[in-house]
Amino acid sequence: MKMLFVFLDGVGKGEKNEYNPFFYYHPKAYDIFLKDGNVLFLDATLGIEGLPQSATGQVTIYSGINAAKEVGFHINGQITPSLKKIIDKQNIFTTLSRHGLKVDFANVYRNEYLQKLLNDKNFKMSVTSYMVLTAGIRFKTVEDLLKSEGVYFDITNHVLIESGYEVPVFSPEKAAENLLNVLNKNDFVLFEHFKTDIIGHSCDMEKALELIKLLDEFIISLIEDLPKDACLVVTSDHGNIEDLSTKTHTKNKVPFLAYGNKKEIFAIESIEQIYSSILKYFEI
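If you count the sequence shown from 1, position 5 lands on 8 in the working numbering, and the numbers rise without skipping.
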């Protein structure tokens, strides 16, 4: 029994209007989830005033503890000392590992970024990077990517190439193959993509459409080759890219899409419940 958890930063359920890229490009993968999967939309506001943000949203998703309520407000960007305490207390990597399951983070790190993360005490890291540290998981490098056992956050490797790395451009199908290679060796694998949030902030419709098409092809490839004993989950922490009329996040609900093994067990209404639903899937 396996789970592939694909996290897309800043994707909500928007209105049918000219500012919503999903109005112009309807993902074919979404139709597959509708027909053969489980489609839910979750509250991401965490019961706190203001726009939902990445740090508190992600800590909530991965710990099952409402981080915004714990600290009293939404926190954007990278993990803070107060949020680290929540992850130290409980997170999906350490919980599953403690129950004997093999877990991994599929994202590849650039060497220079990884050195700062590991050696600079003042370095502001992402929630997922801190989870990897706390769980004792080995960070994946470009070498892993070249061995077909990791994926860079942008899927295609264009950012790596622009940074001077000699790596091939990946098709969405090749990136999906790499991600499934990681899943084959583990019980729970997380992959994080945050270009959706970056483009949402830029309000660039052309780039948004290009990215959504790429993600559509990537997710379809994952669905087509997903192991029979695996469940694919795709979700987000807050809205953004679905409303390009504003450079800020939105209060829109976020998708929770499940396909494959035991997809029907998910019946949740808030991102606070994602952590417990994963434990339920693994019968913990």
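Check before you lean on any hint, since a few could be wrong.
Here are the in silico distance ranges between beta carbons for each label pair [what the hints assert, rightly or not]:
{"hint": "1", "residue 1": "D232", "residue 2": "G75", "range": "37 to 43 angstroms"}
{"hint": "2", "residue 1": "I35", "residue 2": "F126", "range": "36 to 42 angstroms"}
{"hint": "3", "residue 1": "R113", "residue 2": "E176", "range": "31 to 37 angstroms"}
List time: in silico DSSO-like cross-link candidates among lysine-lysine, alpha-carbon distance up to 27 angstroms [unchecked claim]:
{"hint": "4", "residue 1": "K72", "residue 2": "K254"}
{"hint": "5", "residue 1": "K231", "residue 2": "K127"}
{"hint": "6", "residue 1": "K31", "residue 2": "K266"}
{"hint": "7", "residue 1": "K72", "residue 2": "K16"}
{"hint": "8", "residue 1": "K250", "residue 2": "K16"}
{"hint": "9", "residue 1": "K265", "residue 2": "K87"}
{"hint": "10", "residue 1": "K105", "residue 2": "K87"}
{"hint": "11", "residue 1": "K188", "residue 2": "K127"}
{"hint": "12", "residue 1": "K188", "residue 2": "K16"}
{"hint": "13", "residue 1": "K188", "residue 2": "K283"}
{"hint": "14", "residue 1": "K105", "residue 2": "K250"}
{"hint": "15", "residue 1": "K283", "residue 2": "K231"}
{"hint": "16", "residue 1": "K72", "residue 2": "K38"}
{"hint": "17", "residue 1": "K72", "residue 2": "K105"}
{"hint": "18", "residue 1": "K92", "residue 2": "K250"}
{"hint": "19", "residue 1": "K250", "residue 2": "K265"}
{"hint": "20", "residue 1": "K19", "residue 2": "K231"}
{"hint": "21", "residue 1": "K124", "residue 2": "K150"}
{"hint": "22", "residue 1": "K92", "residue 2": "K283"}
{"hint": "23", "residue 1": "K177", "residue 2": "K231"}
{"hint": "24", "residue 1": "K266", "residue 2": "K16"}
{"hint": "25", "residue 1": "K266", "residue 2": "K87"}
{"hint": "26", "residue 1": "K72", "residue 2": "K88"}
{"hint": "27", "residue 1": "K283", "residue 2": "K72"}
Keep in mind the hints are simulated off the structure, nothing from the lab.
Every residue, glycine too, gets a C-beta built ideally from N, C-alpha and C.
Taking the hints in turn, this is what the structure says about them:
For the pair D232 and G75, the beta carbons lie near 42 angstroms from each other, so the given range of 37 to 43 angstroms is met. Checked against the hint of 36 to 42 angstroms, the C-beta distance between I35 and F126 comes to roughly 39 angstroms, which is consistent with it. R113 and E176 have their C-beta atoms about 23 angstroms apart, which leaves the hinted 31 to 37 angstroms range violated. Distance hint between K72 and K254 is fulfilled; the C-alpha atoms sit about 16 angstroms from each other, no more than 27 angstroms.
Restraint check: the Cα-Cα separation between K231 and K127 comes to about 39 angstroms, which exceeds 27 angstroms; the hinted pair is violated. Taking the CA atoms of K31 and K266, the gap is near 19 angstroms; set against the 27 angstroms cutoff, the hint holds. Our distance criterion of 27 angstroms between C-alpha atoms is met by K72 and K16, whose separation comes to about 23 angstroms. Only pairs whose Cα atoms come within 27 angstroms are accepted, and K250 paired with K16 is accepted, the gap being roughly 16 angstroms.
Proximity of K265 to K87 is assessed by CA-CA distance (about 32 angstroms); at most 27 angstroms being required, the pair is judged violated. Pair hint K105 plus K87 holds up; C-alpha atoms about 23 angstroms apart against a cutoff of 27 angstroms. At roughly 30 angstroms between alpha-carbon atoms, K188 and K127 are farther apart than 27 angstroms, so this suggested pair is violated. With a CA separation close to 33 angstroms, the supplied pair K188 and K16 exceeds the 27 angstroms bound.
Between K188 and K283 the CA atoms are separated by roughly 21 angstroms; this keeps the pair inside 27 angstroms, and the hint holds. For the hint linking K105 to K250, the alpha-carbon distance of about 39 angstroms lies beyond 27 angstroms, and the restraint is violated. Distance check on the hinted pair: K283 and K231 sit about 19 angstroms apart at the alpha-carbon level, within 27 angstroms; holds. For the hint pairing K72 with K38, the CA-to-CA distance comes to about 36 angstroms; that exceeds 27 angstroms, so the pair is violated.
Restraint check for K72 and K105: the C-alpha separation of about 31 angstroms exceeds 27 angstroms, so the hint is violated. The suggested pairing of K92 with K250 is violated, with an alpha-carbon distance near 34 angstroms, which exceeds 27 angstroms. Taken as a hint, the K250 and K265 pair is broken in the structure, with Cα atoms around 37 angstroms apart against an allowance of 27 angstroms. For the suggested pair K19 and K231, the alpha carbons sit about 35 angstroms apart, so the restraint of at most 27 angstroms is broken.
With a C-alpha separation of about 31 angstroms, the suggested pairing of K124 with K150 is violated against the 27 angstroms cut-off. At roughly 19 angstroms between alpha-carbon atoms, K92 and K283 fall within 27 angstroms of each other, so this suggested pair holds. For the suggested pair K177 and K231, the alpha carbons sit about 20 angstroms apart, so the restraint of at most 27 angstroms is met. A distance of roughly 20 angstroms separates the Cα atoms of K266 and K16; the hinted pair therefore holds under the 27 angstroms criterion.
For the hint linking K266 to K87, the alpha-carbon distance of about 31 angstroms lies beyond 27 angstroms, and the restraint is violated. Our distance criterion of 27 angstroms between C-alpha atoms is met by K72 and K88, whose separation comes to about 14 angstroms. Restraint check for K283 and K72: satisfied, since their Cα atoms lie roughly 24 angstroms apart, inside the 27 angstroms limit.
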